[in-house]
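Chemist: Below, each chain spelled out in residue letters.
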Amino acid sequence: MRTMRLVLWSAVAIAMAGLAWLMLRPAAGPMPTIESSGGVAIGGTFTLTGADGKPFASSQLGKPAAIFFGFTHCPDVCPTTLARLTKLRRQLGKSDEAMAIVFITVDPERDGPAQVGAYSGLFGTPVVGLTGSPAEIDQVKKSFGVYSEKTPMPGGDYGVAHTATVFLMDRNGAFQSTIAAEENDAAALAKLKRLTA
Amino acid sequence: MAAIDRRGGSTRCVSMKRIALLPLVFLAACNQEPAAPNIRIDDVWARAVAPGQTSGAAYMTIVNDGGAPDRLVKVNVSLAKMTMLHGTTMTGDVASMSMVDGIDVPAGGKVELKPGGTHVMMTGLTVPLSVGDRFFVDLQFARSGTKTVGGKVVAAGER
Chain A
1 MRTMRLVLWS
11 AVAIAMAGLA
21 WLMLRPAAGP
31 MPTIESSGGV
41 AIGGTFTLTG
51 ADGKPFASSQ
61 LGKPAAIFFG
71 FTHCPDVCPT
81 TLARLTKLRR
91 QLGKSDEAMA
101 IVFITVDPER
111 DGPAQVGAYS
121 GLFGTPVVGL
131 TGSPAEIDQV
141 KKSFGVYSEK
151 TPMPGGDYGV
161 AHTATVFLMD
171 RNGAFQSTIA
181 AEENDAAALA
191 KLKRLTA
Chain B
1 MAAIDRRGGS
11 TRCVSMKRIA
21 LLPLVFLAAC
31 NQEPAAPNIR
41 IDDVWARAVA
51 PGQTSGAAYM
61 TIVNDGGAPD
71 RLVKVNVSLA
81 KMTMLHGTTM
91 TGDVASMSMV
101 DGIDVPAGGK
111 VELKPGGTHV
121 MMTGLTVPLS
131 VGDRFFVDLQ
141 FARSGTKTVG
151 GKVVAAGER
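As they're listed, the protein sequences go chains A and B.
Here our numbering is used: position 55 in the first sequence is 55, and no number is missing along the way.
Here our numbering is used: position 128 in the second sequence is 128, and no number is missing along the way.
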């Protein structure tokens, strides 16, 4: 019916106008920064325990850092990621001091200072291994939005499912970007170049 | 005699040839074996683990040059109390490990066990794996039986 057609086309016109307004209106205030869902910045200062058993404050890093959460009983993803980070750091063409590689355990029950220290020492290049009490580790996990969960294995052992993202923090300790597990080396290297520029 | 019965002779010759050829035909038929897998294992390696670290992963490439598929059904490393086939799974940005029942190796194909994917998971290592060490892996295939291969331990940052 003609009236019906008029109504429907009017509706289309109104919808188009609305869409145009949404798209063209000036941005309200500064561009949003990347934030976790809680409205809190990703990462932040922390104090954990170093491989020497002494407290380690994030401010001690003093340089850009790539932070990875894992556990020493992890035979594949964790050494693979850390090996990749050490390889990419080498490819930056700067010294090892250009960037810290930090390994934080999500398995504080098994990974004490000696364990994270020995694990970090496997790569032949500086890797900072950190642990802490379960409560301290939980707090840092939360601040980075990291998930981890024990997964039972036959024989009484357990694995830990965990966020495998690498967090890139600038020299002031502020979050800059992430490297996803499936990102290729070229993309990851570009991010590290920007981080250490 | 003048008239050599060539036709008769040639017929006899053909018959002789046919008889002579018969065994060859049988031989050829006998050599048509049913297609079988032909498994070869290359590049067996593991990363060094830290002293006191009891879990490790081994990687390798399984090649099947044969005309039939096979399936890896069991793995054992004598250095470890328990050996399993594991896969690394990504669910979003969360990495986890899951047991893998077995691995099919297609005819004329290959399967790579490599970092970030399927790997041989060793737990309860009775000796720590150190750079330069050799270790042995028993691989049991559904059709090809058990193959034992040697692997080497490399530095964690090397591969």
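By construction, these hints were calculated from the structure, which means they are not laboratory data.
Beta carbons are placed, not taken as given, at the ideal position from N, Cα and C, and that holds for glycine.
It cannot be assumed that every hint is accurate.
[What the hints assert, rightly or not] Listed next, with one range per pair, are the computed distances between beta-carbon atoms:
no., chain 1, residue 1, chain 2, residue 2, range
1, A, T47, B, A155, 40 to 46 Å
2, B, M99, A, A17, 31 to 37 Å
3, B, D101, A, T47, 40 to 46 Å
4, A, M23, B, G102, 41 to 47 Å
5, B, T61, A, P126, 50 to 56 Å
6, A, R171, B, S98, 51 to 57 Å
7, B, R143, A, K54, 37 to 43 Å
8, B, G145, A, A186, 22 to 28 Å
[As the list claims (entries may be wrong)] Every beta carbon over 10 Å from chain B, so not counted as near; a handful from chain A, in silico:
no., residue
9, A57
10, V77
11, P79
12, K87
13, P134
14, H162
[What the hints assert, rightly or not] Lysine-lysine pairs mimicking BS3-like chemistry, simulated, CA-CA at most 27 Å apart:
no., chain 1, residue 1, chain 2, residue 2
15, B, K152, B, K114
16, B, K110, A, K150
17, A, K150, B, K152
Chemist: Taking the numbered hints from earlier one at a time, note which ones the structure violates and give those numbers from smallest to largest.
Modeler: Numbers 1, 2, 4, 5, 6, 7, 8, 10, 11, 12, 14, 16, 17 - these are the hints that the structure violates, sorted from lowest upward.
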